[in-house]
Amino acid sequence: MNKTIIAAALLGLSLAAQAATEAELQASFNPYQNGFPSHPGLSVGTVINQGNVDQFKDVVPDGVYKLLKDGLFEIKVGPTTQFELSSAYVEATRRNLGKARLGPNSGDLEGFEGGRPFVEEPDIEDPRAGEKLAWNYKYGVNWGDGANITPFYWKYRNMATGQLERTIQFSFHFLNLKHRVKDDPVPEVTPNPSNLFRGIYVKVDAPQDLKNTQLLIQRYDDDQKLDDAYLYLGFQRRVRRLATGQTTDAFLGSDLMIEDFEGYNGRISDMKWTYKGTKNVILPMWNHNELALSDEFKDPDGFKYVGFGGQGECFHQGTWQLRKVYVLEAAPVNSAHPVSKRVFYMDAQLGNLNGANEIYDRKGDLWKVFMVGKSHADHHLPINKGSGIGIDDAFSMIDVQARHCTTGHFKGQVDPKQNPPRMFQAQYMRGGD
Amino acid sequence: MRKKRILRPPVFRLAACTAGCALAFAAAAQQLPDLGSSTAPWKVDVYYDNHTAFRGKDHTGERVGLSKFRNTLQLEADKDLGDDWAFRGILRGTWDGVHRMNKGQYGNSAGGAVMLQSTTPGGYIETPHGAGPVNKELVDGLGLTNNAFVSGAGYRNSPNEGLRVLGDRLHDTDGGVAFGVPVRPCDKDKRGCRDFGGYGDRTLSELEAPEFNDRLDFIREAYVRKNFALDDGTDLFLKIGKQQVVWGRTDLFRVLDVINPVDYSRNNIYDELQDIRIPMWMVQAEWRMGPSESMQDRNFQIVWNFDKFRPNNLGQCGSPNAILDAGCFFRGMANLWDNGGTVANFANVAPGTLLATNFGPGQIGLRDVDLPSWSLANTQIGAKFEGITQSGLAFSLNALYYRSQLPSLRGGKRTTNGFTGEYSEHNPYLISFDMHFPRVKLLGGSLDFQSETLGAAFRFEGAMSWGEEFSNTARPGLYSKNRVWRSVIGIDRPTFIPFLNPHRTTLISAQLFWQHIFDHEYYSTGTKNGQNYLGAVGMPDWKDSYIGTLLIKSFMMNDRLSPELIIARDFKARATAIAPAVEWSLTDNLKLSFGGNFKVGTGARRFDDCRACNPWMPFTAPDGDPDPMTPYSRGLAGFEPLGRFRAGPIGSAMYEDEVYFKLRYQF
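Those protein sequences? They're chains A and B, same order as listed. If you're matching positions, the first sequence starts at 1 in the numbering used here and goes up one per residue. If you're matching positions, the second sequence starts at 434 in the numbering used here and goes up one per residue.
Just chain A, with the same shape it has in the complex (with noise of 0.2 Å):
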């Protein structure tokens, strides 16, 4: 009797924590169940520019507020609006509800399988949040198993005069090859003796000086080993391996390093990661279709891609959305790092932390004002449709220093076939030209 009242009363115990587990996981990949945030004075339609930007203060990132209070562009709103994830996603999380857990150090994550490592509302008391939310990151669902951005435009713009000093034509694939949800194989693309997470695959395809560039990014699994990059310079003809400090450099005289790519492209361990808080604010969400688009780049498909603006054209013109972040900080472990501070305000649904990030000089100083807004997959091209990701569609990043911006222009396309694991082999880059 009594053991049968003991057994009861365990059982109801670990259902009970199931089910607050399973409800965090609602909460998590579903913030707006009751109900989207609201702002005074903010809704659709609303243009924020220089003359009422102190109005929405609370609701706009730092960075954004910058370059708004300085007039560099202005803001229209649109509707909030859900970006549910991809349901494999969800019910790989569901699958591995709980086991995920932090080691030791920074950097270590214990029982991980698949989906999102941690789904309970982050705890400002909890000195390793912002650490749960960095994983929750790297194994979000991103670009998903496998994506690519193919073509992808980059404009290098003087943001003081709009004079147009580059347009570089690139390819960027991406394969998970492990924690894989959705497209085969799954959960792992086998063999993977180096236990390899993730490849990034780029390559230029214009302009002339650049042509044929190509760069590749391994990632392990395990988050203490540096990443793997390797560059194949075109006149070279050779595959040359990447020197850690290459990945903090200008890539190809960008605005953004290698390190920026996605919003943060580097180790859990290489940062120190801190979570300021939740709030609601505006990020560069909108549905692709909807949009006032452009056909400069005359996409054989008939595929137009998101118009610029503002000052020097370095501002996408997409609809922002009120929408629940988590503030994070990831301030670089070493200091020889030429940023001092990321600041990122993570979407709560997507997890995504690229739509409007801040970065510090070594001064301290802000240097740049990244912004990628996305389009939701079932607004976009017809393959991406169902995919259950949030579709980089634009990004515009300011250098608010050099007054220079360089902005990104999408065809992404989530396609498992045009990302083939050989192609995240150093091998497949000197198989070309």
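Be aware that a few hints might be false.
Quick list of the computed label-pair ranges, beta carbon to beta carbon [what the hints assert, rightly or not]:
1. B:Thr886 x A:Glu110: 21 to 29 Å
2. B:Ile652 x A:Gln50: 55 to 63 Å
3. B:Thr1020 x A:Gln50: 28 to 36 Å
4. A:Lys76 x B:Thr886: 47 to 55 Å
5. B:Ile652 x A:Pro300: 28 to 36 Å
6. B:Met897 x A:Glu110: 46 to 54 Å
7. B:Gly515 x A:Glu121: 51 to 59 Å
8. B:Ala473 x A:Ala160: 38 to 46 Å
9. A:Ser294 x B:Phe1100: 24 to 32 Å
10. B:Phe1100 x A:Glu110: 57 to 65 Å
No farther apart than 20 Å at their CA atoms in a straight line, the calculated lysine to aspartate or glutamate pairs in the EDC-like style are these [claimed, not checked]:
11. A:Lys417 x B:Asp513
12. A:Lys417 x B:Asp664
13. A:Lys298 x B:Asp478
14. B:Lys1095 x A:Asp209
Calculated directly from the structure, the hints in this document are not laboratory data. Nothing here was measured: the structure is a model prediction, and the numbers come from that model. Beta carbons: idealized from backbone N, C-alpha and C, even for Gly.
Using the hints, position chain B against chain A.
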């Protein structure tokens, strides 16, 4: 047993790949695409490139002036051919106006009449080419009336015009060997013109527009490629056509990157290798095995160079870029064989007296150039296994069976004895040469890794070769075959230099090249059985040579402005090249570059020139020689001809300082 299980499968797999690759060639041949059948559009890029350069004074004190006005039009075309086949072609045409715009240096008016030196106890005296004090008449006077020397009245077939003294841009004769070298294009002056392998017999128009030749060099690259997905999940990659195949991990040096020969005539060592490798008709097949349970990546490659052999283009004498001045030595020697010529400071007729000598044709010089013809046996083949270990160490193992791309001069050949007029086929230690390109076997490897602690990437490359030949005055044939080890260790470290750019690292890349010649022979004065009492004999190449390079490259204005400094130091030659440059991309289509290369340190070096080898004993024995009936080198030295191997490519270009401007535009 256990060992066998571990070792045998990879061997079988490699063998299987070899067989598989052969089958794949056959299969690929059946599947080769039809260029006209695909509907995919051509992608075509067209570039114009101008490279203009100027040089200052050479050693003669003469201002050289314009050294390059090269205009290049390059068309790059790509096309998807269907069924995953792709074609790429590069057409390149160059016109270098320097041969007409500076014809006094590099064209039809180059050279002139030359004076050649004799050494006397009273000092140096000079006589014109053709008027050497030792001549037919003088030797007749010694009672040797059958002698084959040429009259002091001069050379009917080789007049004293259109010549320069060998090496005069770099050094004085200074008691050494010298002779007149024809320097005008071969349609203007045929003397000494030979095909040394794509250079040496070029006319003015061929020098101006070098790609338009019988090897169709204007087709710079033309190949098709395809990746075949195999049933086991691996891939077979094929690339067939005229192409470059690049091995190795180092910059500037060619340790493993030796599959394609190099055209140094384009801009000496200063152009990107991509632009000066000579593409060859080849097949490369790669079995891309991908990861295994123990390695992150594995790839096995076979390269078959089925093209007719081509050596490096060392630059024709009389053109601006003749690396090591080798082209002038070859042409001068060929002219000596064909027409004879006056050789400075040759005949040691009395103490302290070395007189210029009028050699006749067929006595000394360079006769035959043995350029291998096409045959299956003369094709070249290589294999490479490349992998990345679990821990991220990337490495390669390379093997290549090829031909030396540098010529070997095999001496001790035929001659008509100048004193007796008698012909003989073999003459030890005689400077009568044929040019050969020997077979070479190479085994090597490379690796790279990064160090997080140092924030740097390290590269290493090494190779051992068997079969290379080197000049060696201690041998009767004046050459020897030696094994050679070459290696380079390099480090790339991006470093913050705030005053250059506070937000962007400056790339610092350093490399150290080491070459070791096995069984090296060098006998300092008096150490070769006491025979070489006049100086050192043996191999002019250093037993161990070291070259260090340092690249500092900064990036400004979003990489549109990039200043750089390259320093190369040949430690043995004690010569340094300093090459600053600035690249400026005005737009995506227009790039300008300004720069120069300047040399400091020791220029010309002396080495045994075999004047005292006594091949026509006893007449050619040095005055007072204790063993006048035996040919061997006593070690008398001068700057020419072998000092160039000690000076190296930097030291021998000491007076070729240059400033340049480049423009590249994409239409």
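Hint check:
{"no.": "1", "hint": "B:Thr886 x A:Glu110: 21 to 29 Å", "verdict": "26 Å, holds"}
{"no.": "2", "hint": "B:Ile652 x A:Gln50: 55 to 63 Å", "verdict": "60 Å, holds"}
{"no.": "3", "hint": "B:Thr1020 x A:Gln50: 28 to 36 Å", "verdict": "33 Å, holds"}
{"no.": "4", "hint": "A:Lys76 x B:Thr886: 47 to 55 Å", "verdict": "49 Å, holds"}
{"no.": "5", "hint": "B:Ile652 x A:Pro300: 28 to 36 Å", "verdict": "30 Å, holds"}
{"no.": "6", "hint": "B:Met897 x A:Glu110: 46 to 54 Å", "verdict": "48 Å, holds"}
{"no.": "7", "hint": "B:Gly515 x A:Glu121: 51 to 59 Å", "verdict": "55 Å, holds"}
{"no.": "8", "hint": "B:Ala473 x A:Ala160: 38 to 46 Å", "verdict": "42 Å, holds"}
{"no.": "9", "hint": "A:Ser294 x B:Phe1100: 24 to 32 Å", "verdict": "26 Å, holds"}
{"no.": "10", "hint": "B:Phe1100 x A:Glu110: 57 to 65 Å", "verdict": "58 Å, holds"}
{"no.": "11", "hint": "A:Lys417 x B:Asp513", "verdict": "18 Å, holds"}
{"no.": "12", "hint": "A:Lys417 x B:Asp664", "verdict": "17 Å, holds"}
{"no.": "13", "hint": "A:Lys298 x B:Asp478", "verdict": "18 Å, holds"}
{"no.": "14", "hint": "B:Lys1095 x A:Asp209", "verdict": "14 Å, holds"}
Checked against the numbered hints above, the structure violates none of them.
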